[in-house]
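Let the hints inform the model, and build the full structure from the sequences given.
Protein chains: 2
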Amino acid sequence: MSVSSKIKIILVNPSHPGNIGAAARAMKTMGLEHLYLVKPKYFPHVDATARAAGADDILESAIITDSLADALKGSSVVFGTSVRLRDLSLPKVTPKEAAQIIIKEEKHSVAIVFGRENNGLSNDELEQCNYHLYIPTNPNFSSLNLAAAVQLIAYEIKIIQQSIAPPATDVQKLANAEEMQSFYQHLQQILVMIKFLDLKNPRKVLSRLKILFNRARVQKNEINILRGILSAIQLRLK
Amino acid sequence: MSVSSKIKIILVNPSHPGNIGAAARAMKTMGLEHLYLVKPKYFPHVDATARAAGADDILESAIITDSLADALKGSSVVFGTSVRLRDLSLPKVTPKEAAQIIIKEEKHSVAIVFGRENNGLSNDELEQCNYHLYIPTNPNFSSLNLAAAVQLIAYEIKIIQQSIAPPATDVQKLANAEEMQSFYQHLQQILVMIKFLDLKNPRKVLSRLKILFNRARVQKNEINILRGILSAIQLRLK
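Chains as they are written, first to last, in the numbering used here: chain E, 215 to 452; chain X, 215 to 452.
FYI, nobody ran anything at the bench for these hints, they're computed from the structure. No false leads were slipped in.
Each pair may be met inside one copy or between any two copies, as identical chains are not told apart.
PhoX-like, lysine-lysine: derived pairs with alpha carbons at most 25 Å apart:
id : residue 1 : residue 2
1  : Lys-409   : Lys-434
2  : Lys-387   : Lys-418
3  : Lys-253   : Lys-287
4  : Lys-434   : Lys-424
5  : Lys-310   : Lys-372
6  : Lys-287   : Lys-321
7  : Lys-372   : Lys-306
8  : Lys-409   : Lys-452
9  : Lys-306   : Lys-387
Have a look at this one:
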């Protein structure tokens, strides 16, 4: 599997079909091919095709999903992109650092998530990511076009692929997005059961726990231990 | 004089006014400001303004000339951009190398020249350049959008200006070794209580959990949540 072929580009709720086309073009110029669209406002659309400027194959094979979680299925290393320095506990990486991580984690499927044109990714969406990919911009004008952001990241991946022979990676298999989702659901269930969590006001605690575990990049065997612990608690409380 | 302020971006005969606007936006996001247009087909134009998305000041102060030579007046270091590997005797540089040269030649005014959407720069125009700035692309699809090319170069200049200083890191305080120790003791106690852990053979599970949490670099506020969960389990089981 080549590095490019394991990378998904995910656009969340893009409003302007032109941006979808321009993103497809940006991807193809740098050798990326897998485009996912989470509830695009308009797609397919003539503006998307026009701006793709020949990258029609990327548009035709684009996969449309109803949620970010669906688009993330099968991905183990997830980057959430933003031009704002958010106060998150996710590790913050530059485009170049992200590209280095992608090369290093050569065995793992990667997703790079781009938010809405107007207001980026929600906190809930960022909590599904392992890294906060921060693109440095002019502090007085950080209005980076969506396709331009895709272009920059795709470029860094292309550059690093050309310049670096991939080093050997860790053999431990990372848990994928679905496994993490199931774990979080199970965890929430237990937290409610032990009355640690009030579902009327669950957000902060769960978010913090998600960020903690996502930061750790949980491995498959570790997920098994964590799930085992949750099941054991469940059993005792019955 | 800041590095950015000595840099001119020159677009030669752009056909699509949308690209001019998008180039202005790309420049401004990365802190560049001086745009030169050599015989643009349409300018000013509503499409340029729309795609500038707020970078109107760049468009308003853009300087229009009749020839590349006019636009180059005053510039000492000139880069001619292309996505094709041409057989020129100019030194060939990557975007990153160009950015390094721009920083190194800090006293000199710089021009970065971008050719037509369809057929780039003529040989005559490239001969007015000191360097051939080559942007690597997919050999099977090198159709990089004009504004995307401007974006990539402007980005590399921005990155090198920050001298690859990583963005400010998170201020959250990490838990210290004693806090982690107490947490692990508490965790062990609960794991025994729920019969997930047999103290006669505890080692592997506990070690794996420690490795997981240590890798996450747990913060003080997160330790409080984790301890809270353990206490809640304890309470329910009594």
